[in-house]
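Chemist: Take a look at the letters that make up each chain.
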Amino acid sequence: MELDNQTAIRRPPLREHSAQRESNPSAWPDAWLINAVRRDPPDEEALNALVDRYWKSLYARCRMLTVDTDSARDLAQESWLRVLRARHSIEPDGHFQAYINTIATNLWRDVNRTAVRAGPIADGRMASLESSVVADDGHSLPLIDVLADPHTLSADDQIVLEMDLDNALSRLEPRLRDVLISRVITGESAAEIGRRYERTEQAVTGWIREAIRQMKIYLGDERGRGLNTED
Amino acid sequence: MKKAVDIENLLQWRRERAEAEAPPAPSGAYLLKLVQPWWEMWPDRFAASVRRLASIQLSYGYAMAHPRHGHSGHPVAALISRGDEEQEAPARVLYMSVRDARLRLRFQLAPVPRRDQVFEVTFVSETGLRPILSAHAALSGDGEYRVDVELPSDLAAAWESLKVTDPMPFRFILRPATDKE
Numbered sequence: 015m016e017l018d019n020q021t022a023i024r025r026p027p028l029r030e031h032s033a034q035r036e037s038n039p040s041a042w043p044d045a046w047l048i049n050a051v052r053r054d055p056p057d058e059e060a061l062n063a064l065v066d067r068y069w070k071s072l073y074a075r076c077r078m079l080t081v082d083t084d085s086a087r088d089l090a091q092e093s094w095l096r097v098l099r100a101r102h103s104i105e106p107d108g109h110f111q112a113y114i115n116t117i118a119t120n121l122w123r124d125v126n127r128t129a130v131r132a133g134p135i136a137d138g139r140m141a142s143l144e145s146s147v148v149a150d151d152g153h154s155l156p157l158i159d160v161l162a163d164p165h166t167l168s169a170d171d172q173i174v175l176e177m178d179l180d181n182a183l184s185r186l187e188p189r190l191r192d193v194l195i196s197r198v199i200t201g202e203s204a205a206e207i208g209r210r211y212e213r214t215e216q217a218v219t220g221w222i223r224e225a226i227r228q229m230k231i232y233l234g235d236e237r238g239r240g241l242n243t244e245d
Numbered sequence: 428m429k430k431a432v433d434i435e436n437l438l439q440w441r442r443e444r445a446e447a448e449a450p451p452a453p454s455g456a457y458l459l460k461l462v463q464p465w466w467e468m469w470p471d472r473f474a475a476s477v478r479r480l481a482s483i484q485l486s487y488g489y490a491m492a493h494p495r496h497g498h499s500g501h502p503v504a505a506l507i508s509r510g511d512e513e514q515e516a517p518a519r520v521l522y523m524s525v526r527d528a529r530l531r532l533r534f535q536l537a538p539v540p541r542r543d544q545v546f547e548v549t550f551v552s553e554t555g556l557r558p559i560l561s562a563h564a565a566l567s568g569d570g571e572y573r574v575d576v577e578l579p580s581d582l583a584a585a586w587e588s589l590k591v592t593d594p595m596p597f598r599f600i601l602r603p604a605t606d607k608e
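Chains as they are written, first to last, in this note's numbering: chain A, 15 to 245; chain B, 428 to 608.
The shape of chain B in the complex, shown without the other chains (with noise of 0.2 Å):
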């Protein structure tokens, strides 16, 4: 008879075959390229895109102020950034909530000639116009950008008692993204 072994001494020879198997360790340089934030990579751009969005908040700042539908919240200024074409496309902000720092977000971007199923978004600063967070939004069955994000611990706190109804300390900046994070 062959000689039995238990599920776990089989579960830990298989690791010691996957750790055998393990493909090379990405490089630390190849790592920090991949984690570097694109406005880091091209300030200029992000600056002058940045410009641009500061300019959205003027031409926007009335309906800002008074949101037409008191219940599907606050407009927020955004900029699709393609490369080296802009648009202008106002998002409305249908839902947020932030639990176990992890921020739900669904937004309605006003129509546009060309709609992306998943966007980088850059959530920038209303004050100051920092980038303050990186994010992907999956476009939805009905026509919605959703976000599921995990929050720095300062946002987190920041944004918890936030409602969709306040207005939104941030403004977006749209990359349309080859793929979902």
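Isolated chain A, as found in the complex (with noise of 0.2 Å):
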């Protein structure tokens, strides 16, 4: 792989799109880049567009797991720093942005590794999505109805969900917190993160649960119950 790899970057171009392609780190796919981070030293141009093209997605993944700015910025650093470290193990031919998530998560999870633990999180204590928690009231709230859809609320109103989304992620037991994200934002399906926990995907599938309810009801503590009283 990496000999027809480093063949096809040296080849004379035939055509004109595929010189422009070839001469552009930024247009190679990533078994192209990573075969040139593999080198050593290093391809600098290489190691750019690879940082590039996930660094985004990378610094958002920590920025929920994380719930703060610099943690995050500091997290997907700390990735990539041991991606370099690592990177004559790494296949080309992986999926590398699973790769670098895998790294920050377990980065993240070393440093909770005192608040992750596994008791809390009984199969007895697991809601439905349609369960309901009781508000102030004393009336039955639906969890549903307590959230509005982002992209009516002024810009504003924008910030201060923000900021709610955060505090109500900062409240769930880390663990918690790292499977919704998984399942959530990443997409991993609760097969490949019981893999990670040793634990089941029916196990996996209540934590998500659970985080799911909790979530609303957090939200809920956040954003008081005027957004019930909107409708």
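Honestly, the hints are just simulated from the structure, not real lab data.
In this text, a Cβ means the ideal position worked out from N, Cα and C, and glycines have one as well.
Mixed in with the good hints, there may be bad ones.
Among the chain A residues that face chain B by a calculated CB cut under 8 Å, a handful are [unchecked claim]:
1) 58
2) 66
3) 71
4) 174
5) 230
6) 231
Listed below are several chain B residues computed to face chain A (Cβ distance under 7 Å; list not exhaustive) [stated by the list, open to error]:
7) 452
8) 462
9) 464
The two chains are supplied separately, each in an independent frame; assemble them into the complex guided by the hints.
Modeler: Rendered as structure tokens:
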């Protein structure tokens, strides 16, 4: 694979489009970039292109995990340093985004290791998405109704909603935050997440449900009952 | 009534906002500089430290071959390097475990005038005196330094069966670090 790619990079261009692509690392597929980064010394241009390609999505994931701007930047950068230290073992044909996301998640889990415990999440505490919470006035409040479409809000209200979401995320136990983000943002399946945690798919599905349930409750707390009275 | 959305869509919206507010990506050159180990940045300094480390092996050779306390591990030759100042400070490994490619190690330093909170520990191979691993060691309340680090697969395989009572296949160069990794 490596030889194939190196040959492809050095090959005299047959067509203009092909030549443009080969001279511009930003247009290279991941496998080419990774091969170039694996060399000693690593190809700086290829590394720039690879970092640029995945920086924003990685940062966003780190931002939601850490719920803090500076910590997110540090975590994202540290993830790249780990990638570079282990660059010789990276599979060029692997799923790079999943790879670096896993590194970031593992680093973050290490930081939170003491906080991540299996105890609190028992099957008996799982709730369905249709379950409800009780409002301060004693009325049953369907969880789904406390959430407003952010696109319908003013810019100021969007900022407030952003802060409320961050607060709600920060109140989640780290493991629940991780599984929720892995499922919803990264699109990992419950089975894939389960393999990371050495738990069954069913257990992870339960965690995701619990995370969503808690998010709705916390968002309800953060936003008061105002949104409930808007209808 | 305002249109309701579910948590999943709300989180996706938050992700988009986070992507939009992402700081500029670090340059490849900057990352490569950060990841460059000190022994590559200052090869002369490393060579000098290794020469000193080799001499410690001679001084403590007998102790290393005959540990006084069978259960507290072998002494390990160690050199504290602070800029231009170097100080010999033999260490004793108290605990060592390699599991799931992760090294957990505790060691104690011989009494030294100054106790650093965190060291960057360079593991130098006993055979060949090559740098093989770099990790941070933090001082615990009971005066031990603790290392918890992911190992490259070759080291994990080689050290997996190592016991704390075995002679250690490495020596330490300890460089004070300002913070923990």
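Chemist: Tell me the hint numbers this structure goes against, listed in increasing order.
Modeler: 4, 6, 9
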